[in-house]
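A.B. asks: Spelled out, the chains give:
Number of protein chains: 2
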Amino acid sequence: MSSALGRIVAAVVLTGALALPFYSFVPANAESAKAFETTSKDDVSSFYLDNGLEVVVIPDHRAPVVTHMVWYHVGSADEEPGKSGIAHFFEHLMFKATKNYPAGEFSRKVAEIGGQENAFTSYDYTAYYQQVAPSALEMVMTYEADRMENLILNEDVVKTERDVVLEERRSRTDSNPSALLAEEVNATLYQNHPYRTPVIGWLHEMQQLNLADALAFYVKYYTPNNATLVVSGDVDLATVKALAEKTYGKVPRRAEVGKRERPQEPEQNTKRTVSLADQRVSQPSFQKMWLAPSYASAKPGEAEALDLLSEILGGSNRSRIYQALVVSEGSAANAGAYYQGGSLDEGSFAVYGAPRGAGTLTEVEAGIDAQIARIIKDGVTEGELEKARNRFLKSVIFARDSQAGMARIYGSTLSTGQTIRDIQEWPDRIRKVKVQDIQDVAKRYLVDSRSVTSYLMPEDGKPDEKVRAEAPASGETQEQPETPAQGIVQ
Amino acid sequence: MSSALGRIVAAVVLTGALALPFYSFVPANAESAKAFETTSKDDVSSFYLDNGLEVVVIPDHRAPVVTHMVWYHVGSADEEPGKSGIAHFFEHLMFKATKNYPAGEFSRKVAEIGGQENAFTSYDYTAYYQQVAPSALEMVMTYEADRMENLILNEDVVKTERDVVLEERRSRTDSNPSALLAEEVNATLYQNHPYRTPVIGWLHEMQQLNLADALAFYVKYYTPNNATLVVSGDVDLATVKALAEKTYGKVPRRAEVGKRERPQEPEQNTKRTVSLADQRVSQPSFQKMWLAPSYASAKPGEAEALDLLSEILGGSNRSRIYQALVVSEGSAANAGAYYQGGSLDEGSFAVYGAPRGAGTLTEVEAGIDAQIARIIKDGVTEGELEKARNRFLKSVIFARDSQAGMARIYGSTLSTGQTIRDIQEWPDRIRKVKVQDIQDVAKRYLVDSRSVTSYLMPEDGKPDEKVRAEAPASGETQEQPETPAQGIVQ
Numbered sequence: 001m002s003s004a005l006g007r008i009v010a011a012v013v014l015t016g017a018l019a020l021p022f023y024s025f026v027p028a029n030a031e032s033a034k035a036f037e038t039t040s041k042d043d044v045s046s047f048y049l050d051n052g053l054e055v056v057v058i059p060d061h062r063a064p065v066v067t068h069m070v071w072y073h074v075g076s077a078d079e080e081p082g083k084s085g086i087a088h089f090f091e092h093l094m095f096k097a098t099k100n101y102p103a104g105e106f107s108r109k110v111a112e113i114g115g116q117e118n119a120f121t122s123y124d125y126t127a128y129y130q131q132v133a134p135s136a137l138e139m140v141m142t143y144e145a146d147r148m149e150n151l152i153l154n155e156d157v158v159k160t161e162r163d164v165v166l167e168e169r170r171s172r173t174d175s176n177p178s179a180l181l182a183e184e185v186n187a188t189l190y191q192n193h194p195y196r197t198p199v200i201g202w203l204h205e206m207q208q209l210n211l212a213d214a215l216a217f218y219v220k221y222y223t224p225n226n227a228t229l230v231v232s233g234d235v236d237l238a239t240v241k242a243l244a245e246k247t248y249g250k251v252p253r254r255a256e257v258g259k260r261e262r263p264q265e266p267e268q269n270t271k272r273t274v275s276l277a278d279q280r281v282s283q284p285s286f287q288k289m290w291l292a293p294s295y296a297s298a299k300p301g302e303a304e305a306l307d308l309l310s311e312i313l314g315g316s317n318r319s320r321i322y323q324a325l326v327v328s329e330g331s332a333a334n335a336g337a338y339y340q341g342g343s344l345d346e347g348s349f350a351v352y353g354a355p356r357g358a359g360t361l362t363e364v365e366a367g368i369d370a371q372i373a374r375i376i377k378d379g380v381t382e383g384e385l386e387k388a389r390n391r392f393l394k395s396v397i398f399a400r401d402s403q404a405g406m407a408r409i410y411g412s413t414l415s416t417g418q419t420i421r422d423i424q425e426w427p428d429r430i431r432k433v434k435v436q437d438i439q440d441v442a443k444r445y446l447v448d449s450r451s452v453t454s455y456l457m458p459e460d461g462k463p464d465e466k467v468r469a470e471a472p473a474s475g476e477t478q479e480q481p482e483t484p485a486q487g488i489v490q
Numbered sequence: 001m002s003s004a005l006g007r008i009v010a011a012v013v014l015t016g017a018l019a020l021p022f023y024s025f026v027p028a029n030a031e032s033a034k035a036f037e038t039t040s041k042d043d044v045s046s047f048y049l050d051n052g053l054e055v056v057v058i059p060d061h062r063a064p065v066v067t068h069m070v071w072y073h074v075g076s077a078d079e080e081p082g083k084s085g086i087a088h089f090f091e092h093l094m095f096k097a098t099k100n101y102p103a104g105e106f107s108r109k110v111a112e113i114g115g116q117e118n119a120f121t122s123y124d125y126t127a128y129y130q131q132v133a134p135s136a137l138e139m140v141m142t143y144e145a146d147r148m149e150n151l152i153l154n155e156d157v158v159k160t161e162r163d164v165v166l167e168e169r170r171s172r173t174d175s176n177p178s179a180l181l182a183e184e185v186n187a188t189l190y191q192n193h194p195y196r197t198p199v200i201g202w203l204h205e206m207q208q209l210n211l212a213d214a215l216a217f218y219v220k221y222y223t224p225n226n227a228t229l230v231v232s233g234d235v236d237l238a239t240v241k242a243l244a245e246k247t248y249g250k251v252p253r254r255a256e257v258g259k260r261e262r263p264q265e266p267e268q269n270t271k272r273t274v275s276l277a278d279q280r281v282s283q284p285s286f287q288k289m290w291l292a293p294s295y296a297s298a299k300p301g302e303a304e305a306l307d308l309l310s311e312i313l314g315g316s317n318r319s320r321i322y323q324a325l326v327v328s329e330g331s332a333a334n335a336g337a338y339y340q341g342g343s344l345d346e347g348s349f350a351v352y353g354a355p356r357g358a359g360t361l362t363e364v365e366a367g368i369d370a371q372i373a374r375i376i377k378d379g380v381t382e383g384e385l386e387k388a389r390n391r392f393l394k395s396v397i398f399a400r401d402s403q404a405g406m407a408r409i410y411g412s413t414l415s416t417g418q419t420i421r422d423i424q425e426w427p428d429r430i431r432k433v434k435v436q437d438i439q440d441v442a443k444r445y446l447v448d449s450r451s452v453t454s455y456l457m458p459e460d461g462k463p464d465e466k467v468r469a470e471a472p473a474s475g476e477t478q479e480q481p482e483t484p485a486q487g488i489v490q
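Chains R and G, in that order, give the protein sequences.
The first sequence begins at 1 in UniProt numbering and counts up one residue at a time.
The second sequence begins at 1 in UniProt numbering and counts up one residue at a time.
Okay, chain R solo, but in the shape it has when bound (with noise of 0.2 Å):
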């Protein structure tokens, strides 16, 4: 989104079931499916408007406070060929005037308050949020409710957010090498389906995108039958009904949103590599992915078994990749994998490292390829599993313990096939996660000739070339950068 006021362009691309590599390495889908424990399964409560809209309540009494969610039921996978893009510009625009009110005020309102609010869209969803204290809920359901229905669209707020989106795709993605070679990582990845395509879209088609296509897609996809709404934080159900039905209760129903069905991928029979060479770099790196079921494409149990071979490979410090490559041979400066389950269609697992000193990008692959073959091999043990488990869920525990969290938890989780239901069953079925399901989904899914490779390198580099001698100045080059989940562009 941007405010309404210009002040904020924020970017943040959340792609819920794809890497960006190089870029963050925080699973994505560790805000999915994972919230438990602290918040008791009597507490959620959901129910349906007559329009359709579903609502969902996650009482949490800790402070003052309520974080307002919608999550329309639509991404970047959802768009027409051609249009790509404009889910993402469409999130821009919904911060323009309304019948009611005009540009800017929802914003300012949530400000004088003290309130936060924002929006991002991703492969599966777009989402837009507030959080502000309680005696605010009905003025931002009130605005939220209205825009989802009344939203000018004109000629002119069509083309002034149109150049705030490409100058965003131009100082995020055209002007970052790792950004560059994660879209092309991902066309190669996926050779059928539509996460092939960036969020924010292909550049010459962004720039195509018009006012006749903002429409159609309002019309078809901004209608609350094909929304989630999550009000999580110091609030009883009973308000957010009353409220719920007062506000958005007004909005019609305007469309009928058939099964979301997109091309899936065929199976795959090569090995790849994407490699990107570029004087911007100056700390080489590389990533290797695998197409893997999602918890909602998954069998049972599998898509939990991929998440604690994650863990077990590359999770943490803890893990065996680290370990082996950072801890014990120092080759790599950083090393690790993930698991991105949180998609409506197929996700995908990752191993990535990035040489030391003298290391090169080709040792770091030999050396994570080694300890990928192990596990497929030999399995791993109870008492490792136990351990990686434990991590896992105490991770998954932090991450979630927030009302921000649990709401986009809930909101990420139905907005990608999944239910309520799955979400609170989860810590028990990762609980029966067993290590011959560890050594199976390794086995099935990591396999080499079936693998897309990618190559971050400064200029004329190669993956086997040694990194310049001279160990970096500082620990800053062998950080991995600190950036927020994959894949939102807010």
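Take the hints with a grain of salt, since some may be wrong.
Remember, identical chains collapse to one label, so a pair may be satisfied in a single copy or spanning two.
Straight-line alpha carbon distances no greater than 20 Å define the calculated EDC-like cross-link-like pairs of lysine to aspartate or glutamate that follow [as the list claims (entries may be wrong)]:
1) Lys220 with Glu261
2) Lys96 with Glu155
3) Lys271 with Asp464
4) Lys259 with Glu80
5) Lys387 with Asp50
6) Lys462 with Asp369
Derived by calculation from the structure, the hints in this document are not laboratory data.
With chain R fixed as given, assemble chain G onto it according to the hints.
C.D. replies: Relative to chain R, chain G alone:
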């Protein structure tokens, strides 16, 4: 197509724009935009029927034969996402019963008089043809016009013929490592354009093609205003005109077909590789491809220069690559280059090679890279260009010296956004290419950091591994398979 009698399950995929690497290296565009000399400009006539059908007549009285072709301006690149294979599947359905004739009658009539018939589907067009005695022209026109309008589509024919195309995919693609590799090369080379999708379709999508898809495709695309009729051979304009009005003239214009706008490629920034190792591969080979403009999309003169560049670099055994790698060094069993400029949208340029004896793919690739680098750095000489130009023009004259070849040149060219004038002026444009133009297009398009290299290897092979030391028992493994042009499915 498959003949309605089930005897012929022909299945030559002719992908106008794209390579089937390791499969055929005949430049597909050799049949586009290159008819000239023996038929003078005045001999070719064209006109439109009232229903919008374009008719081209190419008299050629050397033999008492006519070639009759109908070219629909629809191919696999026009398919909706998720419906891959429908264009080719539909081509099969066109051999079923119509309201006026039982299934197989058309094919039988052609066979009875010693005629030939077939059909093929490409990325950009679908064509049906018969070659018969002039006296049978009215008969084939009657049947062909009939199935443009009166095809009977029902669950039964769809189900039966779907099994046929699925079997075609199994036998031609899924059981063929080089075909599987070619599919993923295209899916990697084209990041956004539908040329990424195989003409025959992805298996899982072919399995879902249904009656509704077939009906929609027929209505939308099989309308006279979306087709070009080409009649070449022992016939004159007046006769064809009268017969066309009598037969095709009765077919109503059933749909308006808008401009053919497919999603175009974004700027590419990465170097990619695609590898497949399979025990059925005996002769390793590699291919390196780049996106390059087609005749339809290029700036004036660029496509012509790319054609001559391919000739100089690797178009024959006189070419630089062949002379260096096969003749002088002897490191390659074969090696060459080709340009595919016959597509409606962006085409491609490729070099390829296979090692001989103890050579490796990496060595052959390096040898070819050196030849490309030399042209980019030093260009070509006047004498070299002149010889290549003469060879090239001669080979094209030879290729087109048949009435079927002429019909094909006109049909494919007019189905991919070019005109009769483009065809007729093409030799002059080839003659105008200068040495600087050759160097310019090499520099502009053969950029290593935007290339896609594919490796086909014996099981567990690597590009830099030596081939088994023993020489091949026969010349067989050193020969390129002699297959027809690239990318047609008959």
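A.B. asks: Run every hint past the structure and note whether it holds.
C.D. replies: Structure-based check of all given hints:
1. Lys220 with Glu261: For Lys220 and Glu261, the Cα distance is within 20 Å only inside one copy (15 Å; across copies 22 Å).
2. Lys96 with Glu155: within (12 Å within a copy, 50 Å between copies)
3. Lys271 with Asp464: both (18 Å within a copy, 15 Å between copies)
4. Lys259 with Glu80: Close inside one copy (15 Å) and across copies (17 Å); limit 20 Å.
5. Lys387 with Asp50: neither (47 Å within a copy, 78 Å between copies)
6. Lys462 with Asp369: both (19 Å within a copy, 16 Å between copies)
Violated hint: 5 only; the structure is consistent with all others.
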